[in-house]
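*Asks:* Throw the hints in and build the complete structure from the sequences for me.
Letter by letter, the chains look like this.
Protein chains: 2
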Amino acid sequence: MALTQEEMEQRNKLQTDKVIDIDVHPLLRSMEDLYEYFDDTWKDFFRASKVSSITGQPFLVPVGGGLRMDSYPPEGGPPGSSPEFMKTQLLDQHSISHAILFLSSGYQISSLPQEQWAIALASACNDFLIDKWLSADSRYKGSVLVATQDPQAAAREIDRVGSHPGMVQVGLGIHSPMRGYGDKMYDPIWEAAVRNNLVVCFHVSVATGLYKNNSTGPTQNFPEFQSTHNQTFQGQMASMIFGGVFEKFPELKVAFIEGGFSWVPHMMFTMDTHWKAARREVPWVKKYPSEYVREHFWFGTQPIIKTANPKHVLQLIEMIGVDRMIFASDYPHWEFDSPQMALNHLPKEMREKILFENAKKMYGFED
Amino acid sequence: MALTQEEMEQRNKLQTDKVIDIDVHPLLRSMEDLYEYFDDTWKDFFRASKVSSITGQPFLVPVGGGLRMDSYPPEGGPPGSSPEFMKTQLLDQHSISHAILFLSSGYQISSLPQEQWAIALASACNDFLIDKWLSADSRYKGSVLVATQDPQAAAREIDRVGSHPGMVQVGLGIHSPMRGYGDKMYDPIWEAAVRNNLVVCFHVSVATGLYKNNSTGPTQNFPEFQSTHNQTFQGQMASMIFGGVFEKFPELKVAFIEGGFSWVPHMMFTMDTHWKAARREVPWVKKYPSEYVREHFWFGTQPIIKTANPKHVLQLIEMIGVDRMIFASDYPHWEFDSPQMALNHLPKEMREKILFENAKKMYGFED
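Heads up: the protein sequence lines correspond to chains A and B, in order.
So my numbering is basically just the index in the first sequence, starting at one, shifted up by 81.
So my numbering is basically just the index in the second sequence, starting at one, shifted up by 81.
In case anyone wonders, no lab produced these hints; they're calculated from the structure.
Heads up, none of these hints are tricks.
Pairs count within a copy or across copies, as identical chains cannot be separated in the list.
Each computed DSSO-like pair below joins lysine-lysine, with the alpha-carbon atoms no more than 27 Å apart:
| id | residue 1 | residue 2 |
| --- | --- | --- |
| 1 | K367 | K387 |
| 2 | K441 | K168 |
| 3 | K265 | K329 |
| 4 | K441 | K429 |
| 5 | K368 | K387 |
All values derive from a computational prediction rather than experimental measurement.
*Replies:* This is the structure:
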């Protein structure tokens with residue numbers, strides 16, 4: 082199955098698509114990378130606690146240990162830890178004009194039980210990203226990580242670094258530390274995102290620490306986990322829409338990343354049906370829930386589903402609206418989707434929108 | 082909007098469909114109805130504890146208090162408490178040949194923290210149903226309620242009453258008391274169902290007691306709950322398929338009731354994609370997960386979704402396979418779907434399968 086380097090280059094040359102990749106993961110070489118960005122108090126804490134990772138995640142990934150086998154930088158360190166090698170292997174090879182970075186495991190910060198540490202950690206990650214990545218190439222764009230355990234502190238962090246020209250979004254895990262993200266306690270975060278003209282990106286996260294498990298309790302194997310973690314996306318969509326978030330923040334833009342999209346038609350139709358029947362309980366929801374979806378939400382394609390009958394994917398995308406779909410590679414994780422190959426079962430015009438135009442419009446990138 | 086009684090009868094006469102209704106809820110007049118079916122020990126317990134309902138459920142339903150306003154029996158008592166009035170209002174008026182009964186709130190029994198009480202309660206409910214309902218009309222068919230907190234006791238209860246000629250299924254809530262229903266601890270239940278030639282029906286249930294909440298924690302209003310409780314169905318489907326249940330029990334038939342169906346294509350495509358990538362962890366899953374869905378699962382239509390574009394419902398049903406769809410009215414609950422009206426946006430041939438033929442085949446009813 083694997084192509085040689087030459088075959089791969091040949092195949093990529095066949096297409097001239099410009100690509101915006103909205104899900105790229107830098108990794109730390111080690112936690113030591115963050116040390117210099119803590120203040121003295123947290124430097125002491127860091128040393129004394131011998132912290133070895135942002136957060137652990139409990140699943141073994143039985144494919145390549147969760148990382149592309151060919152993505153280890155030649156100078157050493159884990160996949161995704163070299164801005165230079167990522168330029169070669171990802172940006173140049175795949176014609177990527179904008180790569181939106183979300184520090185690996187950063188989507189777990191809001192699950193940490195130690196709130197003050199989570200706040201300090203998010204800030205250190207943001208300073209590291211600005212210092213080591215956004216300065217390395219203008220194609221790299223950043224996600225402001227925040228600790229949503231304290232929404233006011235999260236808003237302050239967005240104001241602190243959100244105006245950096247390379248920062249294009251607030252980056253959250255899809256799990257919320259308490260209640261769904263439609264609860265009013267989180268309003269300061271959406272307010273700060275809009276104030277700083279940032280998209281809010283929700284990335285898949287794993288139940289651990291403060292996070293709730295799936296509706297049936299802990300999943301017992303990795304395919305089961307992969308097939309059901311999108312429930313958290315479904316839940317947050319309902320929580321935010323029925324919580325009235327988009328009436329309070331009509332300019333808020335939401336990107337749902339690595340949660341798939343095949344569940345979106347279901348949620349649009351189901352929310353519409355129940356809103357129509359029982360809307361007297363939520364008078365602040367002014368229109369059909371699917372209208373909020375079509376105005377405020379975008380969905381990353383990765384991991385792209387394969388169906389026996391290709392028309393089924395097209396039908397699902399048509400139900401959502403092709404304008405809501407944006408390309409994500411998930412580099413350097415093992416499920417990497419190549420922009421030149423993953424969408425080849427879709428019509429050319431649809432592919433161009435998904436690979437470039439939709440994200441350009443959503444993030445407001447200039448030509 | 083409401084039709085007069087005369088208009089309603091006229092409309093129903095226009096159609097001669099035979100109907101199997103797989104979701105009908107008898108209600109107790111009061112818990113006192115069950116008293117005679119307990120043994121002396123539990124009679125004492127019952128009196129001393131002053132138990133007033135099978136289980137509480139925490140949601141206010143802001144439409145008719147959750148019950149059809151016109152379904153109160155003329156002789157008094159709550160909706161669904163009179164076998165005679167139900168015959169008139171449901172069976173006769175809607176040409177229903179088989180009404181599959183699931184005692185209201187019976188889907189909450191496996192959430193009770195007091196295991197021995199749950200076991201005694203399930204038995205009393207089953208004896209009550211046989212005594213007061215299955216004997217009242219041969220069109221009434223029964224669900225064997227069990228307490229899945231103790232799978233061995235559940236299997237014994239299935240053997241105790243499952244061979245009654247009116248019993249056609251085991252009736253469970255969709256929530257499991259611990260881990261997903263794919264865990265091997267539950268195998269004795271599936272084994273007993275197959276041994277007694279019973280379908281296993283999973284009905285929507287509400288997070289309370291032992292049950293886990295949705296993936297985002299407690300939902301905060303009823304439309305949000307209604308739009309996301311189907312996550313538990315999605316989770317149990319993945320748990321059972323990846324747990325290998327259908328390789329162990331190839332004759333097992335599963336009916337998913339009041340969880341909708343618009344999420345099913347998503348789960349088929351998503352499970353297939355992740356099984357293909359990571360199946361080495363679950364070698365006992367021998368084929369694409371969607372194949373198990375198409376062989377072992379049936380889905381109740383209620384509450385039927387309405388879409389702005391009617392072709393979207395047709396496309397979703399086609400993705401699942403029309404043979405997997407079965408009609409459910411949910412009488413006397415407020416979301417009641419009339420068999421003569423709810424499916425009118427579907428083609429006639431499809432409607433006949435869903436209203437009658439599919440359920441007849443699944444339950445093995447004779448002509």
